[in-house]
Amino acid sequence: MIELKEVSKSFQSTKALSGINLIIEQGERIALIGPSGSGKTTLLKLLNAQHIATDGSLKVNNIEVAKLSPKQLRIFRSDIAYIPQDLGLVPSLKVYQNVLLGKIGRFRTLSMLRKILLPSKAELTAVHEILERVGIPEKLYDTTSTLSGGQQQRVAVARALFQQPHTILADEPVSAVDPARAKSLIKLLDQISTENNLTVVMSIHNIHLAQQYFPRVVGLRQGILKIDSTDPTESELEPLFDLAHTEEIG
Amino acid sequence: MNPTLAKTAFGKRRGFLLFLGLLLFFCLWGLDLKLKNFGPTEAGLNVAKEFFSTAFSPALDYQSEGIPESAPPYYKKILKATWLTLKYATCGISLALPIGILMGFFASRSWWQLEGSRWSIRFFIKTSHRICKIIITAGRSIHELLWGILFISAIGTNPLSIILAIAIPYGCTLAKVFSELLDEQETQCREQLRNQGGGAFSSWLFGVFPLAFSDLISYALYRYECAIRSAAIFGFVGVQTIGYHIETATADGNINEVWTLLYALLALILVVERFSNFTRKKLTASQQSRVKSSSLETLIKNRTRNRYLKYFSIAVLNVILFSWFHSSIFPAAEWLNDDSLNSRLTTEQQWKNFNFFIQSKLTPAPVRESGNWADTLPWAKKLLFEKGFEAALLTFYIATSAMIIAWFSAIFILPWSSRALQSPNPFSVHTGISKYTGSLRYCLAAILRLLFIITRALPEYLVAFLLLRIFGTTAWPLILGLAIHNFGIVGRLGGEIIDHRDFNHTRQQLSIGGSRTKVFLFSILPSHFNRFLLYFFYRWETCIRDATILGMLGISSLGFLIDDASARNSYDQLFFYTLLGACLVMIGDIVSGIIRSRLRAA
Ligand SMILES: Nc1ncnc2c1ncn2[C@@H]1O[C@H](COP(=O)(O)OP(=O)(O)OP(=O)(O)O)[C@@H](O)[C@H]1O
Ligand SMILES: [Mg+2]
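Those protein sequences? They're chains H and C, same order as listed.
Position 166 of the first sequence, counted from 1, bears residue number 155 in this note's numbering, the numbering being contiguous throughout.
Every number in this note's numbering is 1 more than the matching position in the second sequence, counting from 1.
Next comes chain C alone, as it looks inside the complex (with noise of 0.2 Å):
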């Protein structure tokens, strides 16, 4: 055979594909992981048991013995815990947002005109875009649980460690996908409106803004959601929120209580996400006008109004205003309040722990005893050598795994899930298929869809906080926690783009005879393989963020030996470990930032 052709027949895709699935196993092997040692342990066996078949029965009452008559009523106290979370997701993305967009907007070249301006202008425009991405991947880099555990050490434990701790990494998140998002979008308009005379941020206000404009409110509303999961999790390290009284019952062993607090996140989550995705359909509408009519007036007068945006603002804004000053607007909602936050410290007393924190509790301890910066050295390297660098790639082991499982099973679920490629007639081509048989593909369909939204929705964390009970102390819950969360959003993500796309050969190969599969193989995923592997990457990098705290639930990783140097009230290593997993995130999302640019210039 001819050598050239023989190569390619084994294209890059294919070796790509192959060697995702070695580095599963050489992930899975460092870990330390059997397959065989795959499943429940026999304790894990009943307890998985008991926990799904009280499903169905969540606690409407206090389940333990022995609750004092002033305790509040339960309704109110799973209200609060939901209030709760919902309140620091919100204050949190408050802040977030304005940070978000004046960073991203630095951050995007856009708006750039730089062919002939001053040296001095060019100058200016790219050293603040050079520090922008540099603050914004240093942000995002510490995970929003870690910010939280540094807040509440320097400034105690008080609501705004949390706000901060959200807002701080989120604002940087957000600038990123916001500038990524300005970035992507075809810059011929905008060369049109140059062309018309138009200036720099002009051109760019009504050339790019508005084709990203829909892309940047649900991206930031998919952020909603997601400090939604934070805050919950945020329970965790001790503030009141759904993740806390998850933790407490779990501990209680008060299982129907855990369904009910369960339930209540599901549901907080699901009306947020279902809410982005009205939004987005009302934002992206197309209007046409229903008259037939050239006169002005009768135009005018029967013009289709888009007041979506209005009532979407001004029920954003109230709720952000609700969620900050509740207490002061209506005196009667106090029971609303985060009593357990409350700390009683004043702003200056405050400032000084802080700066005490800054200045002696966060210098590493050798140099505390002798003054001498020059002992940093050799401290990091013992912390380094000794477990820093072991856990760091037990770290990525985890995280590289989980989204390699994720995404491969995604994939494999995604043509069976896709509405568009499971309709009775597939992108409207006629079948033949009778009635019974389309409606049982088309219930399939809409269940594995309802799977994908649902696993999307839970927190990774929780999932591989439940699972550790079942599976016993392995990596395998953290892997599959963050496999089942990242999961849901590939296959959401990937459902987009079958349902949302014209595929005219894929209508041409149903119309010459393709099946289904086929004609996902042969058509949806080789013209949009490398739209599956942007995903890959994309949610590669967020996973080594999320791997970095899992280890907190006490499985060897970095999240490990920050929890374990945090209750040792060692903050000088627990400040050591927290950027190390912020290297380790670094590296990860310039590797992927590479990769991802050249994915998209292909």
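One chain only, chain H, in its complex shape (with noise of 0.2 Å):
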């Protein structure tokens, strides 16, 4: 379970995030909306203590994340997938090594190393598995670089799922793939996190795919949370991306 209370977040002098109120239950799929500079980003660095929260409290499964130790914090992110916006391939690693570095968190250097340099049999089936699962399977041992961008989204989808964690935090994961792809890769994630019952927040652009697919819609506005609603209508969402009201257009 995940829980904001009064949470701000200001850059100097931008106020991205004010007085955020939130609590989400795990296996709770939530999309993250509004217009470019809303703070949909900062949010979701807030949820993996990349940011920590210059007011307001914010735990998860109870443990307040400002207050964790860097070890403590690191194995409290090996248990939450992050899809940064700009992916984080290592362009020169093979898409099995990408993959393989999901889980850097739960092993040690020595064995990380071992494990993409020499990969056992079992270690590339699962990897294999999951790269079917996303519909690229044939890329296995192509490096990164050469793929296209949505190719190395379905990468990023990957990792985050080999990943095994509880909480999947992807900001705009579907930015460049074609619509039916989009539909087809929010879809898996959907049965994924449905079968492990996994906390998914992702925030993303298409207003329809949001309503389409996730049961909770979280919109933004200038930091200021202004809807949180299971089924927002046309008049609520509207006042989010109404160019009048919007300061920055992306």
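Note that these hints are calculated values from the structure, not bench results.
Where a beta carbon is used, it is the ideal one built from N, C-alpha and C, also for glycine.
Just to be clear, a hint being listed does not mean it is correct.
Lysine-lysine pairs mimicking BS3-like chemistry, simulated, CA-CA at most 25 Å apart [to be verified]:
(1) H:Lys4 <-> H:Lys60
(2) H:Lys60 <-> H:Lys48
(3) C:Lys127 <-> H:Lys60
(4) H:Lys110 <-> C:Lys127
(5) H:Lys34 <-> H:Lys48
(6) C:Lys35 <-> C:Lys50
(7) C:Lys293 <-> H:Lys110
(8) H:Lys104 <-> C:Lys302
(9) C:Lys35 <-> C:Lys13
(10) H:Lys4 <-> H:Lys(-6)
(11) H:Lys92 <-> H:Lys104
(12) C:Lys311 <-> H:Lys104
(13) C:Lys283 <-> C:Lys311
(14) C:Lys362 <-> H:Lys104
(15) H:Lys110 <-> C:Lys302
What the simulated footprint calls covered on chain H by chain C, stretch by stretch (three residues with Cβ under 8 Å from a Cβ of chain C suffice, anywhere in the stretch; the number is not a length) [to be verified]:
(16) 71 to 78
(17) 128 to 139
Taking the hints as your guide, dock the two standalone chains into a single complex.
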């Protein structure tokens, strides 16, 4: 369970988030929407303690994340998958190596090195299975930089799944794939998270996908929580994307 | 006109170029050089004619009369000189590498994760970082040839002196560049791995190191190439490498022999250079599966394996082992031993010599007499103000003017030498050029690139040595020697940029009717101007370092004073001037370091 109480986050002069109250139960699937610059990325980064809130409290499974020591923080993070906007794949490594790196928080450096350099058949099978689920099994041995943008996004999703987390945080993971692919990727995440009771928080620009596939939609505008609804109506959504109300347009 | 408009019309970049031009003239003026004196002397013209006319007839046998019967066949002499050059370079680099890797890691911040860690750990990391940086700067601020002279004076002419003299500055240079390469990499992969719970070291190992890997390997190989040049130059202080034989052959007037040796050196360096190029290509080659199957079995069976790294490591290891132990592994290879150097001293005696050297020979002369260390200051002051300061200034002028000349000429040649720009379809835009002119352009570009490769391969000291006999004893040969070598380097580095980056804007300008020259001026140069400047400063600091020894050829500057002190066996003065040179190099390093980090951030 993730619990935010009056959470604010400022960067020097900009206030990226202010007074956010939110409770996310284990297994919930949430779409995070809002115009560019509204604070979606900032919120996601707070959730796995990449950023620490300037004000308020953030608890994950009743642990105050701001108080974690570096070692505890690593253990905490190894259970949360994070897919950043820029994906964070190592371009010069092979696809299977990038997927294996999903478990970097679980293994010691030497055993990770062994897996990367000399993967066992069982490890390859596990990676291959996940790549099959995201639809690019044939890319197993390809250098990651040779993949298209959409294919790389799928590698990032595969890495997140391989990590076997309890929560997946994803920052616009489907922005570079065609609409059909986007749908199938979200369906896949949907299915896997239901099967394993995973929490999913995903920022997404496409409102229709958000409404269609996510039981709960959270909307931000200028760092303020405007919507938190299981079935947002058009009139609720409209001001969020009304250009007259938006200062920043991306 | 609007005053702000007028200001922007004369931008920083043009201002800087103008400044460089003026600086060049100021340096030449400081060196008391006149442009009208630039050119060969009358006697030098004849030397030049004779020298270049023999270029195509290198000696295949001894040229001098009266070679004793017992002398080894000529080819063996050349082979041995070449081998010794390679051997000292290999042994030196094999010691420098572990130094470079270890200190490079600790001098880099790319693995740091200080937030939230205990203050004692933070203190330890920051202190070791600082100490490493200081050692690195100090170690490389003294030229390898000067380390050589110091070691030879201390422990005698012993192979170990030469190897250490290469290993110390090279280890520090490797460490410096390794740490810079690591720090330059993008950090998002590392951050991602940390976000997944990776520790500081493993996030670095999998998120930064792979990005820098091919750069690290190619830089190490580039250093190996430099070590060969250095080893050759050690001949000028008496080690029997190629430089030694070039010096004696020149003194005896055996020009054909000089050419044989030059070709041998060039061949050695070019082999390493090509090999390094090939290695880089192999290591950066990305791989794609040949089969379109999605079954795991088929994928495993058909995966393309890059075994190059394995073979490469085995080959490198063998070369290193052979260089160190060839005489004990292969007794038949004994004739390859450097007999000039096998000092018969035991380790104990060497150690004694070393202590004696440190404790008494390096002590300033007045202190040796009076026993009072307070006498150091007036002594140092005298040395500094009588000759040292002026020599340091001359050294600076030589280095700076050489670099400015090299940089401007390389940038000027660049568009003509670029593979991407001079191809019949530059950046794959059709130009409608005729086949004949197309291939002519392409040939010209290839020749210019060859020029870059060859000038870069030649050691500046050697070029200056040969030019001295043509230009007479002015500073011009030193400037030209430095400039020619750096011209090649800047040309190669610049070519890498133009040919290996994607230029959408270049393509766009070509597609709306821009010519090659125009797109170079308005698309390539502006978009990579900072990178070109980065190369200028990167080479400028190296130039200062190299200029500290060029004076040993007999032109007044720091090297001249050092050589003079060494000839008089006054090691205290030698050490003083060496340190003065080191100070100059460090100042250059710091200035260039600040400017380069600004340029990178810009
Ligand atoms: N590291 C930072 N330093 C300073 N300001 C920041 C930083 N990160 C975010 N901000 C600011 O916080 C605000 C919210 O940014 P955030 O990246 O969370 O928006 P977003 O909703 O993810 O936008 P987009 O849809 O474009 O990705 C912006 O005004 C941004 O400029
Ligand atoms: Mg964002």
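So, against the hints stated earlier in the document, which numbers end up violated here? Per hint list: 1, 4, 9, 14 violated.
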